[in-house]
Amino acid sequence: MNRVLPLVAIEIFVWLGLLLSTFLISKVVYTIDFGNGTIFERIVTQTTRVVVSGSIILVWLFAWKNLTNRYLWRALSRRKATA
Amino acid sequence: MFDSDQPVIIAFVAIITFAITFVSTPIIARIMRRRGVIGTDVHKVSRIEIPEMCGLAILIGLTFGSLTYFSIDPSSGNEITAFLATTLIAGAIGFLDDLRPLSARVKPLLTVLASLPIILLHAYTPYPMIPLLGTVTLTIVYPVLILVAIPVTSNAVNMMDVMNGSMPGTASIIMATMTVILLISGKIHTAAISIGVLAASLAFFYYNRFPAKVFSGDTGSLAVGAALGAIAILGRIEIVMVVALIPQIMNAFYGLSSVGRLYERREIPQRPIRLLDDGSLESSAERRAPVTLARLILARGSATEREVVGGMMILTVVSSMMAILTYCITVVIKP
Numbered sequence: 029m030n031r032v033l034p035l036v037a038i039e040i041f042v043w044l045g046l047l048l049s050t051f052l053i054s055k056v057v058y059t060i061d062f063g064n065g066t067i068f069e070r071i072v073t074q075t076t077r078v079v080v081s082g083s084i085i086l087v088w089l090f091a092w093k094n095l096t097n098r099y100l101w102r103a104l105s106r107r108k109a110t111a
Numbered sequence: 342m343f344d345s346d347q348p349v350i351i352a353f354v355a356i357i358t359f360a361i362t363f364v365s366t367p368i369i370a371r372i373m374r375r376r377g378v379i380g381t382d383v384h385k386v387s388r389i390e391i392p393e394m395c396g397l398a399i400l401i402g403l404t405f406g407s408l409t410y411f412s413i414d415p416s417s418g419n420e421i422t423a424f425l426a427t428t429l430i431a432g433a434i435g436f437l438d439d440l441r442p443l444s445a446r447v448k449p450l451l452t453v454l455a456s457l458p459i460i461l462l463h464a465y466t467p468y469p470m471i472p473l474l475g476t477v478t479l480t481i482v483y484p485v486l487i488l489v490a491i492p493v494t495s496n497a498v499n500m501m502d503v504m505n506g507s508m509p510g511t512a513s514i515i516m517a518t519m520t521v522i523l524l525i526s527g528k529i530h531t532a533a534i535s536i537g538v539l540a541a542s543l544a545f546f547y548y549n550r551f552p553a554k555v556f557s558g559d560t561g562s563l564a565v566g567a568a569l570g571a572i573a574i575l576g577r578i579e580i581v582m583v584v585a586l587i588p589q590i591m592n593a594f595y596g597l598s599s600v601g602r603l604y605e606r607r608e609i610p611q612r613p614i615r616l617l618d619d620g621s622l623e624s625s626a627e628r629r630a631p632v633t634l635a636r637l638i639l640a641r642g643s644a645t646e647r648e649v650v651g652g653m654m655i656l657t658v659v660s661s662m663m664a665i666l667t668y669c670i671t672v673v674i675k676p
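Chains as they are written, first to last, in the numbering used here: chain A, 29 to 111; chain B, 342 to 676.
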């Protein structure tokens, strides 16, 4: 169980990041509106929303990757030192 | 909503699916062994040979179970057709890959085909429910997201099929959670499909658990992954499913981000984990080896294969609990 605990923490970080991202998307991205009258306006609005949402998600993924790499290499170097 | 005999019908579908998968798995295993379709269990010192492609039994069980449900409740026709076609196409791609390995780029591209039945049959609602956001209108973008979603779920589940019992075990935990959520939300047709996948996964887990007597091959893992994606779309529990699939997504994300491209296990010379002489597993200290969930579980020290799979199961139980919480947040907190 001990070996899984740090990964459970990362899992919870990933989940909270997902909720925070959706919160940001709901409060910021969904205020973006280029009109809804024509199909072109709808495409531009929805595409912009997806691109900005994607950027928020990229930041989340970057933080997630860094956290995991830090844990892996620290655990491996500690194991090496113990051995 | 429920009518009084729906629980009996759903239980009947689960029993049929379980029984057919349970009976057909050893039969398929015998056929595969006779035809020389076998793979080496690389995490055993004895390197025993195990029949491959036995995930066909999951497809057979799901087909019979779904058709049974359709014959009892014909109003489920559109959902059953979309689900079965998606799962069978993904299974067929896996079957091709098992017979003649596809490249790391072709396989995910081919799995896009599995998402077409859902789009063509319009078996989706382009208003996903997102936590803290409520119902979102994505009429144009949603079909494009389906084209991405099915390849992502099918390949993420496929990448989790690395140790005895890891794929059907984690899929069973997820499907049990999804079935409960779908029943609570009153989506009976999707709940019946979901309990079918749970029954097939459990029956297959019996043979695939440590020490494995059968391997599912990509036939089974791609099909189960596509089934999970299809259920998320049909049941409108997209984000809830993403949360439940966090261990699979973590595993795929670490692999892709550490290698820097789509890859097949056989293409990578550096293995993420090493088999020790005593039969236990150890995380590789090699910088260029892919980062995987198994490697992370083993980072603190060596462990047996059973312990690593146990770790994956614990992570899936946690992600499933978070999925239930996500569902509650989605339903309770509305902007």
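No lab work stands behind these hints, which were simulated from the structure alone.
Please note: incorrect hints may appear among the correct ones.
[As the list claims (entries may be wrong)] Below, simulated SDA-like cross-link-like pairs (lysine to any residue); rule was C-alpha separation at most 25 Å, straight line:
id: 1; chain 1: A; residue 1: Lys108; chain 2: A; residue 2: Ile53
id: 2; chain 1: A; residue 1: Lys108; chain 2: B; residue 2: Ala464
id: 3; chain 1: A; residue 1: Lys93; chain 2: B; residue 2: Gly380
[What the hints assert, rightly or not] Under 10 Å between C-beta atoms, here's a sample of chain B residues computed to sit facing chain A:
id: 4; residue: Val349
id: 5; residue: Ile350
id: 6; residue: Thr480
id: 7; residue: Val482
id: 8; residue: Val485
id: 9; residue: Arg577
id: 10; residue: Gln611
id: 11; residue: Gly642
id: 12; residue: Gly652
[To be verified] Cβ pair distances, simulated, as ranges:
id: 13; chain 1: A; residue 1: Glu69; chain 2: B; residue 2: Thr645; range: 53 to 63 Å
id: 14; chain 1: A; residue 1: Val36; chain 2: B; residue 2: Arg446; range: 29 to 39 Å
id: 15; chain 1: A; residue 1: Ile71; chain 2: B; residue 2: Arg446; range: 39 to 49 Å
id: 16; chain 1: B; residue 1: Ser345; chain 2: A; residue 2: Arg98; range: 33 to 43 Å
id: 17; chain 1: A; residue 1: Leu89; chain 2: B; residue 2: Arg376; range: 35 to 45 Å
id: 18; chain 1: B; residue 1: Arg446; chain 2: A; residue 2: Thr110; range: 56 to 66 Å
id: 19; chain 1: A; residue 1: Thr110; chain 2: B; residue 2: Leu408; range: 32 to 42 Å
id: 20; chain 1: A; residue 1: Leu44; chain 2: B; residue 2: Arg607; range: 32 to 42 Å
id: 21; chain 1: B; residue 1: Arg606; chain 2: A; residue 2: Val36; range: 20 to 30 Å
id: 22; chain 1: A; residue 1: Val87; chain 2: B; residue 2: Arg606; range: 37 to 47 Å
id: 23; chain 1: A; residue 1: Glu69; chain 2: B; residue 2: Ile379; range: 30 to 40 Å
id: 24; chain 1: A; residue 1: Val87; chain 2: B; residue 2: Tyr547; range: 36 to 46 Å
Ideal placement from N, C-alpha and C gives every residue a C-beta, glycine not left out.
We went through each hint and held it up to the structure:
1. A:Lys108 x A:Ile53: 43 Å, violated
2. A:Lys108 x B:Ala464: Violated - the C-alpha atoms of alanine 464 (chain B) and lysine 108 (chain A) are around 53 Å apart, more than 25 Å.
3. A:Lys93 x B:Gly380: Roughly 33 Å between the alpha carbons, so the hint for lysine 93 (chain A) and glycine 380 (chain B) is violated.
4. Val349: 36 Å, violated
5. Ile350: Not OK, violated: isoleucine 350 (chain B) not within 10 Å of chain A, min 34 Å.
6. Thr480: Since chain A brings a Cβ to about 8 Å from threonine 480 (chain B), closer than 10 Å, the hint holds.
7. Val482: Interface hint status for valine 482 (chain B): holds (5 Å vs cutoff 10 Å).
8. Val485: Nearest chain A Cβ about 9 Å off; hint holds.
9. Arg577: 16 Å, violated
10. Gln611: 14 Å, violated
11. Gly642: 6 Å, holds
12. Gly652: 5 Å, holds
13. A:Glu69 x B:Thr645: 53 to 63 Å: Given range 53 to 63 Å: holds, Cβ gap about 59 Å.
14. A:Val36 x B:Arg446: 29 to 39 Å: 33 Å, holds
15. A:Ile71 x B:Arg446: 39 to 49 Å: With Cβ atoms ~28 Å apart, the hint is violated.
16. B:Ser345 x A:Arg98: 33 to 43 Å: 55 Å, violated
17. A:Leu89 x B:Arg376: 35 to 45 Å: 43 Å, holds
18. B:Arg446 x A:Thr110: 56 to 66 Å: Since the Cβ atoms of arginine 446 (chain B) and threonine 110 (chain A) sit about 41 Å apart, the hinted range of 56 to 66 Å is violated.
19. A:Thr110 x B:Leu408: 32 to 42 Å: 57 Å, violated
20. A:Leu44 x B:Arg607: 32 to 42 Å: At roughly 36 Å between Cβ atoms, arginine 607 (chain B) and leucine 44 (chain A) fall inside 32 to 42 Å, so the hint holds.
21. B:Arg606 x A:Val36: 20 to 30 Å: 26 Å, holds
22. A:Val87 x B:Arg606: 37 to 47 Å: 30 Å, violated
23. A:Glu69 x B:Ile379: 30 to 40 Å: 58 Å, violated
24. A:Val87 x B:Tyr547: 36 to 46 Å: 43 Å, holds
Hints 1, 2, 3, 4, 5, 9, 10, 15, 16, 18, 19, 22 and 23, counting from the list given before, are not met by this structure.
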